[in-house]
Amino acid sequence: MMNSMSNVEFLKALMTQSFKLVETDVIDQYQVSFVLKQDDVHQALITLKNAGWIQMSYLSAIDWPDENKIELVYILMNWERPVHIQIRTKVDRNDPVMPSIINIYPGAKYYERECYEFFGVKFPGNPDYEKQLILEVWDDMPPLRKDFDPKAYSDKKFTKREYKEDYLVLSEQNNKKEKREERKTRAESLKGGQKI
Amino acid sequence: MKQMKLFLGPQHPGMHGNASVHLYVDGDIIKKSFLLPGMLHRGFEKGMERHTWINNISLIPRVCVVEPDINEMAFAMGTEKLLGIEVPERSHWIRMIILELARLSIHLMAYGGLGGPTGNYTLMYHAHADRNSILDIFEQITGHRVYHQYIVPGGVRKDLPKGIEKDIHAFLDSLEKRYEEYRDLGIENPSIVARIKDTIMLPEAVVWELGVTGIGMRSAVGKPYDLRKVMPYARYDQVEFEVPTSIYSDARSRIDCKLKEIIQSISIIRQCLAKMPEGPVRIPLGRGQSMRWTVPKGYVYSPVESSRGEFGYYMVSNGGTNPWRVGVRGASYPQGLLGVEKYLPGTRLDDAALWIDTMGVCSPEIDR
Numbered sequence: 001m002m003n004s005m006s007n008v009e010f011l012k013a014l015m016t017q018s019f020k021l022v023e024t025d026v027i028d029q030y031q032v033s034f035v036l037k038q039d040d041v042h043q044a045l046i047t048l049k050n051a052g053w054i055q056m057s058y059l060s061a062i063d064w065p066d067e068n069k070i071e072l073v074y075i076l077m078n079w080e081r082p083v084h085i086q087i088r089t090k091v092d093r094n095d096p097v098m099p100s101i102i103n104i105y106p107g108a109k110y111y112e113r114e115c116y117e118f119f120g121v122k123f124p125g126n127p128d129y130e131k132q133l134i135l136e137v138w139d140d141m142p143p144l145r146k147d148f149d150p151k152a153y154s155d156k157k158f159t160k161r162e163y164k165e166d167y168l169v170l171s172e173q174n175n176k177k178e179k180r181e182e183r184k185t186r187a188e189s190l191k192g193g194q195k196i
Numbered sequence: 197m198k199q200m201k202l203f204l205g206p207q208h209p210g211m212h213g214n215a216s217v218h219l220y221v222d223g224d225i226i227k228k229s230f231l232l233p234g235m236l237h238r239g240f241e242k243g244m245e246r247h248t249w250i251n252n253i254s255l256i257p258r259v260c261v262v263e264p265d266i267n268e269m270a271f272a273m274g275t276e277k278l279l280g281i282e283v284p285e286r287s288h289w290i291r292m293i294i295l296e297l298a299r300l301s302i303h304l305m306a307y308g309g310l311g312g313p314t315g316n317y318t319l320m321y322h323a324h325a326d327r328n329s330i331l332d333i334f335e336q337i338t339g340h341r342v343y344h345q346y347i348v349p350g351g352v353r354k355d356l357p358k359g360i361e362k363d364i365h366a367f368l369d370s371l372e373k374r375y376e377e378y379r380d381l382g383i384e385n386p387s388i389v390a391r392i393k394d395t396i397m398l399p400e401a402v403v404w405e406l407g408v409t410g411i412g413m414r415s416a417v418g419k420p421y422d423l424r425k426v427m428p429y430a431r432y433d434q435v436e437f438e439v440p441t442s443i444y445s446d447a448r449s450r451i452d453c454k455l456k457e458i459i460q461s462i463s464i465i466r467q468c469l470a471k472m473p474e475g476p477v478r479i480p481l482g483r484g485q486s487m488r489w490t491v492p493k494g495y496v497y498s499p500v501e502s503s504r505g506e507f508g509y510y511m512v513s514n515g516g517t518n519p520w521r522v523g524v525r526g527a528s529y530p531q532g533l534l535g536v537e538k539y540l541p542g543t544r545l546d547d548a549a550l551w552i553d554t555m556g557v558c559s560p561e562i563d564r
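These protein sequence lines are chains P and F, in that order.
According to our numbering, the first sequence holds residues 1 to 196 in order.
According to our numbering, the second sequence holds residues 197 to 564 in order.
All the given hints hold, so there is nothing to weed out.
Only pairs whose alpha carbons sit at most 25 Å apart, straight line, appear in this in silico PhoX-like list of lysine-lysine:
hint, chain 1, residue 1, chain 2, residue 2
1, F, K538, P, K122
2, F, K227, P, K131
3, P, K20, F, K493
4, F, K393, F, K227
5, P, K90, P, K37
Covered by chain P, according to a simulated footprint, are these stretches of chain F (three or more residues, beta-carbon under 8 Å):
hint, segment
6, 403 to 409
7, 515 to 528
For the chain P half of the interface with chain F, some residues (derived, Cβ under 8 Å), not all of them:
hint, residue
8, Y30
9, Q31
10, S57
11, V73
12, P82
13, H84
14, Q86
15, K109
16, L133
17, I134
18, P143
19, L144
Think of the hints as simulated: they come from the structure by calculation, not from any bench.
Yeah, the Cβ is synthetic: ideal placement off N, Cα and C, and Gly gets one too.
Whenever a hint applies, use it, and build me the whole structure from the sequences.
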């Protein structure tokens, strides 16, 4: 394949001249990340798609409750110039809305549905984003947000199960000496039975 | 004729895993279809945030049931990237042996799985018997048959046992000998060829639209787009292997590529065993504390070439003892969800199981 470092340099030059980057990070020779403002994301994705990054590998979100933001991440891949690009942007956590990218990358359709289900990010432009996908009849906050507590949810949702005490070992009545002897002889008699 | 609704799976010989395909059929032509995931959702991504980095090693192999080792590799590589460490040389080679043995095992299982939808169970029994030999080797190396928890951040758990090379070579020789037999049983068998030839087409445009990777992509595009080649990890740049491709992606050519990969994997394992240096296999990461070590802040995407395509972990650390977020990019996500919805309608009912089988749709990595 071609010289990979030049691919990263090429990408940095391409992105710097077209957009106002919040942050750029070169992770290694095969991976680079750009942090953009929310309004620039679509234009950046179109630019990168035209430059050859025609595969969208992954779309997801990260919850940052302290900053009151949800960070969206798009990962793109070009097999001719092998570099994975992370495009990240932060949206407001109270009302997260990000216009859909299915017109640029049709494969994003189900990733967006999943992202709505697990983070509550709305994707106007995607006709099905509100349909349920994995979680059936979910009635709580989106579960991958940091303030969702699975333990509290399960306590609220399901009745506490009561367990019976182990009869043989824990019951005081059964732990008496003669009972123990009885069990022992019974066990031995069974052993004898097996020999025949 | 009236449209009828049918369910393919979760209880069906052609369905691998707990997912169901809802089909609306007219006669035997599919008019509308979609996948219903969610039967296997166990909250992995949430669970990983609640465990420490090293604890997660026991959780992540469960993300993909039949092919657990790629999960460990992606997670370990991502953690090492965040930590900025390099693992010992010997552990790279051991990792490659494990990954290629796992690739053989899943290819055999997938090829045997072809026996389900096409009704040739002999193939399935033969393939599973050979897979069992691989599980025996895994048991000797790692102590476990399916979920190995062997590749960990910092190297591999322990060195290879003495004399395992002999067993691996013996197995590879026997598999190589049976390779032609496998071809005769499966893709050279006229009764199966009639089912798989020219069915379930995947044109190149569709590949890029969906984002299909792995054998699906390579069999349509005809170029060696394999992560082991284009961005080599471990020591894949130091072994010689070819990436089988084709430019006509029907079910048969995809299975053909899969079988050719078996030969390549055998060759890679032999090269690894020959080239592997001596030395340590693991470096300790916990400075003072064995479990609660921290990982510097950062965002990293760590991809691995699985038997079904690009499989990656997106890992975010905020500098704590637990991962802040781990996202799993399942290799069969695009073809399993969007592919079934968009490109299954128009095909015949009995080809639906072939789509699921030859595209390698794995339901646990959709419900993670």
